[in-house]
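Asker: Whole structure, please, built from the sequences with the hints as guidance.
For the sequence shown, the numbering used here gives the first residue as 61, with consecutive numbering after it.
Just so you know, nobody snuck in bad clues.
Distance windows between CB atoms, simulated:
id : residue 1 : residue 2 : range
1  : S83       : D62       : 30 to 38 Å
2  : A64       : D188      : 31 to 39 Å
3  : E159      : D68       : 34 to 42 Å
Worth flagging that the hints you see were computed from the coordinates, not collected in a lab. Model, not experiment: these values are computed from the prediction. Even for Gly, the Cβ is constructed at its ideal location relative to N, Cα and C.
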Amino acid sequence: TDPASRPDSPKIYLIGFQDKDTSNAELVSATGLEGVPPEEMPGSIYDHLATGAFGGSLIHTPNVYDFPVSLHIARILGGDAVWVHNGESVNFHEHWMDERADMLRLPGITACSANPQTLQALCELAKDWSKVRYQD
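Answerer: Below, the structure written as structure tokens:
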């Protein structure tokens, strides 16, 4: 995909917010972007992000196995993946073991996009959302 000719979709995939995926997708839509919860996702985010069918993702405590693919796609396209609470680029220095899912996860909420304005909008929206994955 040529970053110069790739479309910039307003669609943002949300996942990991447990019972708040849909309500948080509605909050994303209220910003002028288009929040898409998991049950409405038409396949893998990787292809959609690379082709521009989706403009990015907002993921609560992403796992370290799948998430790096989106991160690298965004960076190849000139974007980034950032933590929404501080806007810093995601790294893999910190992680935690999610015993419920039996996988390693990054802390907090990440935004991923090739478009810096999309990243800024997602960070502004979600910066104060709870970083705790499980509320019980």
